[in-house]
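Asks: Using this note's numbering, the first residue of the sequence shown is number 2, and each one after it goes up by one.
Everything labelled a hint here was simulated from the structure, so no lab data went into it. Heads up, a few of these hints could be off.
Stated by the list, open to error - Cβ-Cβ distance ranges computed for the label pairs, FRET-style:
#1 T87 - A55: 22 to 32 angstroms
#2 N40 - A7: 17 to 27 angstroms
#3 W135 - C16: 11 to 21 angstroms
#4 V38 - A8: 27 to 37 angstroms
Beta carbons are placed, not taken as given, at the ideal position from N, Cα and C, and that holds for glycine.
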Amino acid sequence: MWSAAAAAALTFAACYNVVFNYAGFREHFRMLTGPTVANYRIVEPTLAGHVQLARYTVDLMAESMGWPLFLAAVTGVVVAVARPATRAAALWLLLPAVTYYVGVVDLVLYTYDRFVLPLCIIGSVFAGFALDGWIGHSSRTSDAPSHAAPWTWRA
2 MWSAAAAAAL TFAACYNVVF NYAGFREHFR MLTGPTVANY RIVEPTLAGH VQLARYTVDL
62 MAESMGWPLF LAAVTGVVVA VARPATRAAA LWLLLPAVTY YVGVVDLVLY TYDRFVLPLC
122 IIGSVFAGFA LDGWIGHSSR TSDAPSHAAP WTWRA
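Could you put together the complete structure from these sequences and hints?
Replies: Below you can see the structure in the form of structure tokens.
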């Protein structure tokens, strides 16, 4: 457990260049948590504002992923959390998404499509889980049209 935490801390420090640019990291953190962020807010810092931001973030995820993949991701989350065999792995995979949302998006009270990309990556893993369960390892050709349907909706 400690080795995973240490790996996460080192990865964070490397990604944010903390060692070589501590002043820049500190200033970035100050900007995210200080009064400057009020100029960018799209919702008020109230319960209703947080709910509105969550809805907006979900809408951005659906738009960014496309509705078929988004529905597959939601299905994958529900199925993975519901199954005892996959619950622990699903919750561990959801942890970075939840902490990212709470620690970044909900902190600054604004979001753009680029802010949901990390959430879409995690959602894509769950979508793959759901689609694997739906498609299975079948080699029946009669299933081929239904398997292709989610990928042809934009064509």
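Asks: Against each hint, give a clear statement of whether it holds in the structure.
Replies: Going through the hints against the structure:
| no. | hint | result |
| --- | --- | --- |
| 1 | T87 - A55: 22 to 32 angstroms | holds (25 angstroms) |
| 2 | N40 - A7: 17 to 27 angstroms | violated (37 angstroms) |
| 3 | W135 - C16: 11 to 21 angstroms | violated (35 angstroms) |
| 4 | V38 - A8: 27 to 37 angstroms | holds (30 angstroms) |
In the structure shown, a violation is registered for the earlier hints numbered 2 and 3, in ascending order.
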